[in-house]
Amino acid sequence: MGQALHYYDALKQFIEARRQQSGLAEKILIQVGSATCEKAAGSDLVMKEFQKLIRASGRDDILIKQTGCTGRCAREPIVGVFFPGQIPIKYERVTIDRVQTIFQEHILQGITVPEFVLDKKTDKRYDYVITVCSSEKCRHTKADPEKMIMDALVKEGVPDGTVRIFGGGCFGLCANDQAGKQQVMMVFPERVIYTFETDEQLEEIIHSHFSQKQIHSKYLTQADFITEQFFSMYGDVSFFNKQTRLTLRNSGLIDPESLVDYVMNKGYEGLAKVLEKDDPSWVIDEILKSGLRGRGGGGFPTGEKWKNAITYTNDPTKYVVCNADEGDPGAFMDRSALEGDPFIILEGMTIGAFAIGARRGFIYVRAEYPLAIERLEKAIAKARENNLLGENIMNSGFDFDIEIRLGAGAFVCGEETALMLSIEGKRGQPRLRPPYPTQSGLWGHPTVINNVETWANVPTIILYGAEWFSRIGTAKSKGTKVFALAGKVRNTGLVEVPMGTTLKEIIFDIGGGIPENRKLKAVQTGGPSGGCIPIDKLDTPVDYDELAKLGSIMGSGGMIVLDESDCMVQTAKFFLEFTQSESCGKCVPCREGTLRMLEILERIVSGNGQMDDITKLERLSRMIQKASLCGLGMTAPNPVMSALENFREEFIIHITEKRCPSHRCAQLIRYEIIEEKCTGCTLCARRCPATCITGRPRQVHFIDQKACIKCGECFNVCKFDAVFKI
Amino acid sequence: MSDHTKLDSEIIKFIDECREKEHADSYLIAVLHKIQGKYGYLSDVHMHEVAQRLQVPSSTVSGVATFYHFFRLQPKGKYHISLCLGTACFVKGADKILEAFRSELGIELGETTSDKLFSLECSRCLGVCALAPVVTINDQVYSKVSPTQAAELINKARFEEAA
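Note that the protein sequences, when read in sequence, are chains A and B.
Read in order, the letters of the first sequence correspond to residues 253 to 978 in my numbering.
Read in order, the letters of the second sequence correspond to residues 2 to 164 in my numbering.
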């Protein structure tokens, strides 16, 4: 055995021994979410309250630890309670009061508090939960695996309402030659995985498991299944069922600041494997074969990029960079990943550095993410202490170190050439490519730049193999993609799904649909560089090429759901305002072109638009797309172009009828009080932030149209429907 | 005022350390972050001193300071209001909150009120989209803010000041 593997085994043994000593396995564990979003929802106070209660109880068998976010933003703070040998219980929206109840009833007396359980309202409790793989590949077996299992249960006479069946995400278990022949399912609470091929085999399993209450060992799959840890904790919650968590598998499970936790979850095993093999070309080959493509938006094959950095140059100085300048408004994938599992990024970068022969790496992260920066700093320090960064990593002779560089709020720095200038301490203005960074990057040396999610995929690919990774996803888009689901959707949050999942599945099955029974209007992907996908194209699978066909892009993963109350002209204008103010000003098409487009859109939303404005917008869009220097400019018109293509009628109504069908454009609407309905309750007058509503108590009120800022507060608060919007 | 004459000794030490490293001038943004962290904004005097100590042209320092939105060239108000204008907040009505702050304070984005009490700024996305619309005042996060609540926050601060 070589040095690296020897080092890794010793590290693991040391950690295991310490864990045994601490008696962790016999203790009750309370786990509190602690990402920026959780903290904003009050998780710090929750943590402190638990600590206070634990101290007061005088018990030494209760442990508390922090973890990253699970992506259930709408239900945070989330608290997990683990009793040794039992299914973990997750509580949602935990407040100080709830902490008291949970501690008194659950921790001290062992009785679950059902009303606070995560997704209690949507997920009825069942005796059994079956998660069946319903990814594209498994679906080849049967049109509807869920129905197939339901039929088998009915046939067996299993009582109605005791078993819940979910069509889950890909487990990544079947080999390519088996795909389409077999079906995989996981049964809770036993957490066993069965693989079967025929209806008869399924019936056998059901009979044994549900009638005889015996696990049917013949069809049992003893697979080392990467998302198992995550599924074991969260697999009984519908939000997580359709997801396949590869890059986020540790987020919400481990303490992000603990190297021990990371190593216990296969952390650094990939790096040990790479250093042990000591063959950079093998690493590049694996990444090439895996089909991994850049997750930052462009979708360039990662292996190809790495290869370029060594093929066309013999420069001995090389760099790797992690692009964590997540500037896309409405996207928080990278923040969550960095806050939830920083070590996986460090490991990925170290593997990449070894492959191309770099000795220095940089993480370029937004200054707006203080918690992510803090956790990265701590992770880097711990990795250095344990010989996982620095000189002679794992005693293998390989030297590599990582430095954090802060951005300063410039969206354009997400563009790779601008990012490099910013690392060099200059104004982040892009330059022409070629030369590409892999030929001439930081300080003129070959540089490989990948985004956070791309790096996070690397250790997994190395660990489980390129062949395994390439089984997940579609023909040309492999693996999974993380999306930040936000806007008008019930379960806002972070989701990781296999490529090929349809937008409909993400929004309705995972996202829970649109709140307040409103109608879905469009989905915006790719942020300011992407476009709106209308409702009739929701069956589009998540795939680089499929989304591009619709005039949108995969982007880095922002996914904003718009409902009927959203105006598409306003939305297009919002994105254009963003790119306009973020344009670095270097090239004329982007700097001036986007400004002219914005002026036209402002005309339209204020009721001064003319019909030829649409033609002008289209002409400008084409010009900007063709003539801009960098990606920011080239994609800036996308939101407008796609809105014009899919919602042209709405633009025309704004122009010809001077009205906004969604009642969103402030200058095209006004609020008035219906005299007959107004009771003079004074509520609207008290709530009006502009104090423009006048009237005595019990008398009809009036809105001063000149002073009104059209915030709609009066409309929202009136209990008598006396305020109406025109 | 002392902060207009000389940089803090800790920052000077940081600059000296950077000068020892390879590509010393690449730490300019990091130095500016430290100064803003300490003083709340970047004054001309400080920027000149950075140029001298780091041995980069003054024009480069001011070029960088003005290019990046994160750097402020004016002091913050006692209550620094940062309104998220990310997509999720926008979709949930951040534009209306902005209008409420504007009319209540009589200032535009990036400005500070004449009594130095309030400054108004927008941030692009705080990444807490599920709590949209989000406003932070100093370090306190307010979620799901309504226009009325925005006006109330200002009045509460004014009231506290008067008391």
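It is worth saying that the hints were derived from the structure and are not from the lab.
Just so you know, not all the hints are guaranteed correct.
[As the list claims (entries may be wrong)] Taking lysine to any residue pairs in the SDA-like style, the calculated list, with each CA pair at most 20 Å apart, reads:
(1) B/K93 to A/E655
(2) B/K145 to A/G294
(3) A/K838 to B/Q53
(4) A/K678 to B/L118
(5) B/K97 to A/A269
(6) A/K771 to B/Q53
(7) B/K39 to A/R657
(8) B/K35 to A/K771
(9) A/K678 to B/Y42
(10) B/K97 to A/R657
These are the hints, each one checked on the structure:
{"no.": "1", "hint": "B/K93 to A/E655", "in the structure": "37 Å, violated"}
{"no.": "2", "hint": "B/K145 to A/G294", "in the structure": "14 Å, holds"}
{"no.": "3", "hint": "A/K838 to B/Q53", "in the structure": "28 Å, violated"}
{"no.": "4", "hint": "A/K678 to B/L118", "in the structure": "33 Å, violated"}
{"no.": "5", "hint": "B/K97 to A/A269", "in the structure": "57 Å, violated"}
{"no.": "6", "hint": "A/K771 to B/Q53", "in the structure": "60 Å, violated"}
{"no.": "7", "hint": "B/K39 to A/R657", "in the structure": "18 Å, holds"}
{"no.": "8", "hint": "B/K35 to A/K771", "in the structure": "48 Å, violated"}
{"no.": "9", "hint": "A/K678 to B/Y42", "in the structure": "19 Å, holds"}
{"no.": "10", "hint": "B/K97 to A/R657", "in the structure": "35 Å, violated"}
When held up to the earlier numbered hints, the structure conflicts with 1, 3, 4, 5, 6, 8, 10 and fits the remainder.
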